[in-house]
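Given next are the chains, with one letter for each unit.
4 protein chains.
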Amino acid sequence: MPPKKITRQNLRDAAEKYKNWGKWGANDEIGTLNYTSPEDIIAAARLVRKGKVISLALNFDHTGPQGAKSNYPAMGRTNPIHTMIRTGTDAYSGVLDKRGIRAADDMVTMPLQCGTQWDGLGHVFYEDRMWNGYDCREVTSAGAQKCGIEKTKNKMVGRGVFLDVAHVLGKDSLDDGYGITCADLDRTAHAQGVTLKRGDYIVVRTGQMERCLKAGSWDGYPGGDAPGFAFETLEWVARTQLAALASDTWGCEVRPNNTEDGINQPWHWITQSFGDQVNSQVRSGKADITRLRAVGRAGSRM
Amino acid sequence: MPPKKITRQNLRDAAEKYKNWGKWGANDEIGTLNYTSPEDIIAAARLVRKGKVISLALNFDHTGPQGAKSNYPAMGRTNPIHTMIRTGTDAYSGVLDKRGIRAADDMVTMPLQCGTQWDGLGHVFYEDRMWNGYDCREVTSAGAQKCGIEKTKNKMVGRGVFLDVAHVLGKDSLDDGYGITCADLDRTAHAQGVTLKRGDYIVVRTGQMERCLKAGSWDGYPGGDAPGFAFETLEWVARTQLAALASDTWGCEVRPNNTEDGINQPWHWITQSFGDQVNSQVRSGKADITRLRAVGRAGSRM
Amino acid sequence: MPPKKITRQNLRDAAEKYKNWGKWGANDEIGTLNYTSPEDIIAAARLVRKGKVISLALNFDHTGPQGAKSNYPAMGRTNPIHTMIRTGTDAYSGVLDKRGIRAADDMVTMPLQCGTQWDGLGHVFYEDRMWNGYDCREVTSAGAQKCGIEKTKNKMVGRGVFLDVAHVLGKDSLDDGYGITCADLDRTAHAQGVTLKRGDYIVVRTGQMERCLKAGSWDGYPGGDAPGFAFETLEWVARTQLAALASDTWGCEVRPNNTEDGINQPWHWITQSFGDQVNSQVRSGKADITRLRAVGRAGSRM
Amino acid sequence: MPPKKITRQNLRDAAEKYKNWGKWGANDEIGTLNYTSPEDIIAAARLVRKGKVISLALNFDHTGPQGAKSNYPAMGRTNPIHTMIRTGTDAYSGVLDKRGIRAADDMVTMPLQCGTQWDGLGHVFYEDRMWNGYDCREVTSAGAQKCGIEKTKNKMVGRGVFLDVAHVLGKDSLDDGYGITCADLDRTAHAQGVTLKRGDYIVVRTGQMERCLKAGSWDGYPGGDAPGFAFETLEWVARTQLAALASDTWGCEVRPNNTEDGINQPWHWITQSFGDQVNSQVRSGKADITRLRAVGRAGSRM
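Protein chains in written order, with the working numbering: chain A, 11 to 312; chain B, 11 to 312; chain C, 11 to 312; chain D, 11 to 312.
Misleading hints may appear alongside valid ones.
You can't tell identical chains apart in this list, so a pair holds if it fits in one copy or across any two.
[What the hints assert, rightly or not] 27 Å max Cα-Cα, derived DSS-like pairs, lysine-lysine: (1) K62 with K33; (2) K163 with K29; (3) K181 with K224; (4) K165 with K29; (5) K181 with K108; (6) K27 with K156; (7) K181 with K156; (8) K224 with K163; (9) K62 with K224; (10) K224 with K15; (11) K29 with K207; (12) K165 with K62.
In short, the hints are calculated from the structure, not lab data.
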């Protein structure tokens, strides 16, 4: 018997259950990032053992996932377009010497969801509202007047926990369409000997990104079928009181979504509108990861 | 008697004296970032006392310093241009519902030196060469084939040291044209009770940025007169074996530069071509700063 | 006694009076461009006497009017940002030879109202409607689904008529705040010996642009005070059955607008929502002008 | 026996033979556009019979040829990226009313060779020179200091001649790799009853673009195999004294090029460096075409 489809009523029920608007005051714009306390940061810093730095980001360049084949193409996302304003070839040609210095300069044009990124809380709306009940009309063509990613600039530091679900389930990568359950996540933490704590930054590995990188093609990755969080994990997200959550897929949650017609990314509707930071397209290594970086910018979420 | 102007021969002498090409092998692309060891990172993490996170970056938005009046306008630098791909007003208007989710998305077009940034080692050339002797023609319109900032993505973590030179010299902000000396820097470290170590990330406060922010105008800031490092501090940079150096001005070094005709930013010629990471336009608070973040990207320095 | 302010009721009355939705069918997206018939084009071609071509456009470059001081700054308009993808200096440096050809390529990022342009009929809305009664929600972040400028690509050719109002009124340039009247326009046509005809493309010279170019500064031009059409000229626009109308100012109509609070550009509300093509920032020479060019693009008005 | 490959010596010989630097003075930047006289324009205008306007341009949108599969991908060319600065959905949401007018605005980011375009004479270099002998280092990252397309803004009007070579050769579209000969062109003109004249604007139809549009895919079009001018047609280009030449393919000349290693687009090397305007990616209808429009811009060739 196929699993029951997620309905609009399920969404309404989840919204009601996980709604935490007002939890950090009526003016809060950063949601669960509030869970991490200064003490948590001090404790996280004490965990550094190897002093090894690992970037979890894809490079921002023309080899990124945008433009690949997709059943659900994103509106208007392209890979970064990088152009030069001055070059070493200009220098070599002598045309810069009138300025008294030989230097290169460059420029980028990029959708802020083109690669590895954190979603600001102005990214997803539940009906006419975003996090903390702000009116969705606060996000206009002039940018996000509320809940822009720049509001997080003095946050986004804490203990990182890497959950290698694929590995614990005995797979190189989880299958597309596989919905990670609360039990899978708990089992992974247990197998790795990690106890999750309020305010953690959690990275979940499905292996999908490595599969694409190995295949040399992003076809199917952006907006396509993927392993990822089952709708039920909203309970786990709330229970663990995580600060932020990231994965190595396009959108964190399982795809296809198994929803009624007209509903796409139901888990994303709830997590983000109700205050959880979500990160996607994170490149996961298998090493110790104790630090996560966020790239903030003003005016909107990125 | 006015100080003697820096001549091309002075530049040649400094190049010869501070040249450290090959120090980390013929293929190195990150220069002094190599000074920071894993042990240094572990030790730096142990220093975290308050768990307070402080962003040193200006917001990337239209209020940045580009476009202000300048005696030496940069070629082609503008403030970031931020546009939306989907909005909350689209959501409110119902035009997104056919996609099954209400979400906002955005895009940025920005010169990578428009605000707070680290220079990649492909940014400045000494004659036809950049760091480690690479040919400047490695930086073409297609980007930096060598010494792009993406090469630093697993670096840029270490002990941060904040040197408030203005404060130690008894000023709100140093005067434009004031050249910070080696003695000023040593005196500041001493007054603050800090001993500089190999591999540190050093931020020097002149107060100029705060002066501009207070005045509500960037006029004169980008490319204009400024306090900053005197040419002689090349010796201090080499002696301290710092990993990277940042300041709250446009270009770190004192301006005007007091050079012969045809030479601009002589300190920058030497620091960068010979492997020192330089950061500018850093927003300095006066609080404890134990962490510095770099924003890396592929394809070129930023 | 100061002239009476234009009220919301005046706007409602004008809307009722000049409303011509449906005139060319329910599906029309080009409005008064329909006035020009093939016969008009044939006749216009017969008028060519000197074979002299005169561009009426400002160059699209960084010297344009955007960014100048303004009492009413436009949202997000900048001058064009031009960058190179390949250069002659790349060619000179030998880095292109592997492709077998030495060539330059370039790129532009520009707001489509940054310089001389025609407004598509999706540009201005009257309440929730645009030309022909289309819902304003047809212009989303994905572009203009109705009334985009690309709909005009097989139009925009006809007889050009140049009305030098400033000259006929004995001025180098009209004063800012001077409202051109129907009588001024009729007098100018008469003085020039021109009889306006249905389907004409009319360019009105105020001299303001030349004044700015002569002063070497655009301060006050974009969104500032200007000479231009008085609200009463809506009658003249309708009476002449012109195809399209252009001027050498930022927004064609007189500024300040002399309106009740909360109403800006009242003439523009009516002309565009009710089907008249409007062009601004046109560079006017004083020579014979018998041809006007429009720059069309797909996906939206420009 | 396969045709002989075009060698570097052939290129040198052609360069010598067709070189016309200095023909219109040492400061000329527009080349063969000089061939069209005012009298030619007057005569061309007299030819208008039907008053029908036909755009020959592809729309500038995301459905253009860039990004399609190609054996010879262009550096950095993408389809236009169109974003909105203000929208009708903003208007509907009421967020614009504080400005006193409801209006939409937009922005484009586009490589200037992304779609239908004229090449400026700064586009292709022969060794270290461009048209009229200008040093290729005049085209820097700051744009084309010589031979930018903006130099043509008072030109680009004349008699248009449409040569439907495919039709005259009895084909829907010429085969990829078919090199159009001088004889083919002469035969086509003869069959159509047209006598070519000095200063004409000539459009040659191969049918390739229609073939792609019919197939719904641009794969192979940008930089791929194509019908087009054989190298020998340099003689025809010179003999006819045309002002400008356009076709419905990516690069006008036949592909593959049948050249020695290291030489790509040999016909383009000669035509452009020696002053001929070349247009590509023109959409050809089969109707009467008596007018060609050029889109000019400042700062560089487009």
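Hints versus structure:
1. K62 with K33: between (36 Å within a copy, 22 Å between copies)
2. K163 with K29: within (24 Å within a copy, 37 Å between copies)
3. K181 with K224: Answer is within: at 15 Å inside a copy they meet the 27 Å cutoff, but 45 Å across does not.
4. K165 with K29: within (22 Å within a copy, 39 Å between copies)
5. K181 with K108: neither (60 Å within a copy, 36 Å between copies)
6. K27 with K156: Answer is within: at 24 Å inside a copy they meet the 27 Å cutoff, but 42 Å across does not.
7. K181 with K156: neither (41 Å within a copy, 37 Å between copies)
8. K224 with K163: between (34 Å within a copy, 21 Å between copies)
9. K62 with K224: within (24 Å within a copy, 40 Å between copies)
10. K224 with K15: neither (33 Å within a copy, 40 Å between copies)
11. K29 with K207: For K29 and K207, the Cα distance is within 27 Å only inside one copy (21 Å; across copies 49 Å).
12. K165 with K62: For K165 and K62, the Cα distance is within 27 Å both inside one copy (22 Å) and across copies (9 Å).
Hint compliance for this structure: hints 5, 7 and 10 are broken, all remaining hints hold.
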